[in-house]
Amino acid sequence: MRSIIPIGPFHPLQDEPENFLLTVEGETVVDIDVNLGYIHKGIELLAQQKTYDQVVFLVERICGICSITHTVCFCNAVEDLLKIEIPERAKYIRTILGEIERIHSHLLWMGLAGHFIGYNTVFMWTWKYREPILDMMEILTGNRQSCGMLKVGGVRRDLDNQKLSQLLKTLDELEPKIKMLADAVQDDPVLKARLENVGTLTRKDAIDYCVVGPTARASGVNIDVRRDDPYAAYPYLDWDVIVLNQGDVYAKFLVRVLETLESIKILRQAVQKIPAGDFQLQIREVPPGEGIGRYEAPRGEDIHYVRSNGTNFPERLKVRAPSYINIPSFYASCINQQVADVTITLAAVDPCYSCTERMISAKDIRSNHLWSQKDLIEISSQKTIKIASELGIEPDLPILKKYLLR
Amino acid sequence: MDNLFLYVIAFLIFPGFLFTSSFGLIVSWIDRKVSALIQWRVGPPFFQPFYDLLKLWHKELIIPATAKKNGFILAPLLGISSVTLLATILGIINLNPEYQFIGDIIVILYLMIIPPLSIVWGGFTSGNPFGALGASREIKLMMGYELPFILAIVTVFFKVGSISLGEIIQYQHVHGVMLNLPSMIVAFIVSILCLQAKLAQVPFDISEAECEIMEGPFIEYSGPLLAVYKLMQSMLQVVFPWFLISIFWGGTSFQGWGILWAVLKYIFIITLVILIKNTNPRIRIDQAVKFFWGWVTLVALIAMILMFMGY
Amino acid sequence: MDIKEFVEILNNKSKVQIEVQQHSHKRVYIRINRENLKHIAQIIFRDLGAKFSISTGIHIREGFEVLYHFTFDKDKFICTLRTLAPHDDPVLDSLATVIPGTLWIEREIHDILGVQFTGHPAMKRLVKSEFLEENEFPFRKDFNIKKFKEKHGLLPNSQPQKELQK
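Protein chains in written order, with the numbering used here: chain A, 1 to 406; chain B, 407 to 717; chain C, 718 to 883.
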C-alpha cells in the first residue's frame, strides 16, 4: 500500500514554507520529492538594481538567523574583487560577531531538534540559554538580529572594549551549561536510541551531493571554510575543526554541540587579542571584474559571486546559501527511513529559517521605565489615530485592541 | 425506581461525568503548570483548561468531505461515554466495596480498551492519511502495552484469588495494601509504564506526534467533537491512576482523612507521569513495541514468579 | 598543489585548449569550450577531488555564460570554469550524472535563463513561479519587468494612495 504524505507547505515541523512529498509504504519512506520557491524573494535580481552599499543591507535580509553570514560573505566577495585587505580590528570584529551568531544558531537548532523528537524540555532549556547570547548581541551592536554592522572594507561601527569584557562574563556563564548539555546528549540512552543510525549520510554521498558545514563534517568530510579559505581573524586564532564519522543525526547533534564549545574558545581569544586602530577603509569605486566570497555559516559554506561592470551597481550577484546544497542530500538520506525518523532527518541539516522571534518590550531611556506590550499597542494605536485625524479618516483599529487594553 | 434514580445521579454527577471531567481538567492544569515550571516557563492560569474547552465548544464543527460521517461523529461520543461508565463503576465500588458483581474487573479492563479504540475509529473514518497513520500506530501501541498490563493485573488476581474489584479492595483492607509486597512493587512499576502509554504521554505519544503526523487521528477534528476528545483524555488522566490505586494501593475512601490520603496517592502517580513525560524524547513505534514486548513483559513475568514464590 | 601545478595537471589530463586567467593566489578562472565541459568537470571532481560549490548563470552580449565554481578545500583555492551557451543554441551538457550536487542549480538556471541541459534526469521548475510562461525568463536582459507586471496586474494601483494624501 503506497500513499503520499505531504509535509508542508504549512507544517509544524517547518517554519518556512517548503513542501516535501513523502511516498510511504506503511511506515517506510520509499521516495521523496522536494518543492520549494514559495517565498522566493528575487533578491538576486533586486541586487542588480541597488548600489553596493545598499546591497549590504539587502543581503542582510536574506535570512534572519544568518544576517552576519550573508553580509560578511558579500563583503568578502567585493573585497576579493577589489583585492584589498581590511584593517585588523575590523577582522576581529567580524570574527566576534560571526561566532556569536554561530553559538545562537546552533543553540536554536538543538532546541528545535529536541522539539522534533518530542523532547520539549530540551527545547525550552536551550532556548533559555540562547537568550543571554542574543542580549549580548544587542549590547554590542544595538540589535539582536540584523544589526547593520558591516560594510565593504570593514565594519560600520566600532565595538566598545568595555562591552567586550561583558561578553567574556556571559561566556563564562554559558560554558558550563553547554558542557552539561554535551554530557547529557552523550549519556541519555533514550536520546541515543532515537538518534543513532538515523538518517545516515555516508561519506560517499556527502561528497557526491557536495554537502557542507556540520552536515558534511558529521559524515567524515573534513572541510571548514574558516580554515580552508581563511577570512577575518581566523588564521590568527587557535581552534579545532570538529569531524565525526558516523553521519547519522546523533553525530550531527554532537558536532553542533562541540562546535559551540569551539566558538566559545574562539571568542575568548578574539576578545583578548583584538587590536586597537582603524576599523574601516574608504572604498571610492569598484572597477570591472569578478569576485568570489566564502564564509563558514553555522549551517555550512556560504558563497557569493559578484560581477562588476564598473558602475555603481553590481552586474550580477549570485548567492548560494548552505541549505540550498544540503537539502538535495535528502534524496540519499531519507529513503528507507521510518516516517518518525524522516522529520528529524529533514531537520538535521538545519534548513534555514527566515524568521526571528522577539519579545515585545522596550525601555524608555529617560525614565528607565519598562514598557509592556500594552503600552506599545497604546502608543501604536494613538499614532494611528493621530495620522487618521490628520488625513480626516475614521481610524480603523483592530477589535483585538479592545481586549488587550482592558 | 429510587435505585435507578441513584444510578443516573452516579453516572451523570458523582462519581461519573461531572466529577471526573472537572477533576480531570484541574489535573490537566496541574500537568501544564508543572511541565511549564520544569521548562522554565510561566504556565497557564488555573481556569485555562476550562477556557479552552469552552472556546472549542463555540467553534464551528467541520466534517471533511472524505470522512465517513456517522463514524466520525460517533467515535468521540463512544469514547467519552465508556470513560464515564468506567469512572462510575470504579467510584461506586470504591465507595462501597460490597457493591460488586462477579468479574467486574474484566468489564473494567474491557472498558479501558474502548477509549483508544474510539481514537482509532475516529482516525480511520476521518479519511486523512495522517489520521490513518496515527490510527495504525495507536493499534500497534495497544498491542504492545496490553500484554504486560494484563500480566501485571493478573498477578494481583492470583494473590487475592478473586477477579472482583470489591474483593481485591476488601482483601487490602484486611491484609494491608498490595504495595507492601516486593512482587507487587514490580508489577506496579510495569503498570505505571503502561499507564504512560495508555494516557498517550511522551515518550509514548507516538500516535499523535505533532511534529511528525500533526496530532494523527485528531487532525480532522474541530470544534465540539475535538472538545469531547480532549475532555475524554483529561478524564482518562483521572480514571486510569484511580484504577491502579484501587488495585495496588488499597483503594480510596471518602471519609475523614481518607480523602486527603486518596488525593496524595493520586498526586504521587500523576507526578511520576509528568516527570517521565518531561525527561524523555518521543520514541519510535517499533522501539515502543519492542520495549513493551521485551523488557516490560519480562519484568511483569518476574513479578508473577516473585508472587508465586511468596514474596 | 597550487594553482600553477593545477593548471599543468589539467592541461596534461584533458588535452584540450583552455584559457587561464588568474585573479589572485586563491582564485582562478578557466575558459573552456562547452563541448569539453563534462570531460573537464569529471577530471576536476573525480580525479582531483574538488568540491562543487555552485554555478552561476549570466546573460551577456555573446550569449549565456554559465560559471561552475569548484573549491579545492585542501589547497585553499577556487577554480571557476567559464563556459558559454550562445543565443541561437542555448544548450549545455548536464553534469548531474557526474555530480549529483548540480541537480538543483541546473534546474534553477533553466528556470531563470532558459539554458537547456541535455541529460538532466528531472528537468522541472524549481523556483520559477507558475504564472511565468515557458518562454519567459526573468534573468534575461530583454525581460521587461514593467510589461510583465502590467500583464498580470501586479503594478500597485496608484488611485487609492492619491486619495489618502488629500
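Simulated from the structure, these hints should not be mistaken for laboratory data. Treat the hints with caution; some may be incorrect.
As the list claims (entries may be wrong) - Distance condition first, Cα-Cα at most 27 Å in a straight line; then the derived DSS-like pairs of lysine-lysine: (1) C:Lys868 - A:Lys50; (2) C:Lys793 - A:Lys265; (3) A:Lys83 - C:Lys845; (4) A:Lys177 - B:Lys546; (5) C:Lys858 - A:Lys50; (6) A:Lys83 - C:Lys866; (7) A:Lys41 - C:Lys791; (8) C:Lys721 - A:Lys41; (9) A:Lys192 - B:Lys696; (10) A:Lys50 - C:Lys866; (11) A:Lys50 - C:Lys863; (12) B:Lys546 - A:Lys192; (13) C:Lys845 - A:Lys204; (14) C:Lys730 - A:Lys204; (15) C:Lys841 - A:Lys41; (16) C:Lys743 - A:Lys83; (17) C:Lys864 - A:Lys204; (18) B:Lys696 - A:Lys128; (19) C:Lys743 - A:Lys41; (20) C:Lys791 - A:Lys265; (21) A:Lys41 - C:Lys793; (22) A:Lys41 - C:Lys845; (23) A:Lys273 - C:Lys858; (24) A:Lys50 - C:Lys864; (25) C:Lys845 - A:Lys50; (26) A:Lys204 - C:Lys755.
Claimed, not checked - Non-contacting residues of chain C with respect to chain A, defined by C-beta distances greater than 12 Å in every case (computed): (27) Lys721; (28) Gln738; (29) His740; (30) His756; (31) Gly766; (32) Ser770; (33) His786; (34) Thr788; (35) Asp859.
Please read these numbers as outputs of a predicted model, since none were measured by experiment. We treat Cβ as the ideally placed atom computed from N, Cα and C, and that holds for glycine.
Evaluated hints:
no., hint, verdict
1, C:Lys868 - A:Lys50, "holds (25 Å)"
2, C:Lys793 - A:Lys265, "holds (24 Å)"
3, A:Lys83 - C:Lys845, "violated (35 Å)"
4, A:Lys177 - B:Lys546, "violated (39 Å)"
5, C:Lys858 - A:Lys50, "holds (16 Å)"
6, A:Lys83 - C:Lys866, "violated (40 Å)"
7, A:Lys41 - C:Lys791, "violated (35 Å)"
8, C:Lys721 - A:Lys41, "violated (40 Å)"
9, A:Lys192 - B:Lys696, "holds (16 Å)"
10, A:Lys50 - C:Lys866, "holds (20 Å)"
11, A:Lys50 - C:Lys863, "holds (17 Å)"
12, B:Lys546 - A:Lys192, "holds (23 Å)"
13, C:Lys845 - A:Lys204, "violated (31 Å)"
14, C:Lys730 - A:Lys204, "holds (24 Å)"
15, C:Lys841 - A:Lys41, "holds (20 Å)"
16, C:Lys743 - A:Lys83, "holds (11 Å)"
17, C:Lys864 - A:Lys204, "violated (48 Å)"
18, B:Lys696 - A:Lys128, "violated (35 Å)"
19, C:Lys743 - A:Lys41, "violated (32 Å)"
20, C:Lys791 - A:Lys265, "holds (24 Å)"
21, A:Lys41 - C:Lys793, "violated (32 Å)"
22, A:Lys41 - C:Lys845, "holds (11 Å)"
23, A:Lys273 - C:Lys858, "violated (49 Å)"
24, A:Lys50 - C:Lys864, "holds (21 Å)"
25, C:Lys845 - A:Lys50, "holds (22 Å)"
26, A:Lys204 - C:Lys755, "holds (20 Å)"
27, Lys721, "holds (18 Å)"
28, Gln738, "violated (10 Å)"
29, His740, "violated (7 Å)"
30, His756, "holds (19 Å)"
31, Gly766, "violated (8 Å)"
32, Ser770, "violated (5 Å)"
33, His786, "violated (7 Å)"
34, Thr788, "violated (7 Å)"
35, Asp859, "holds (14 Å)"
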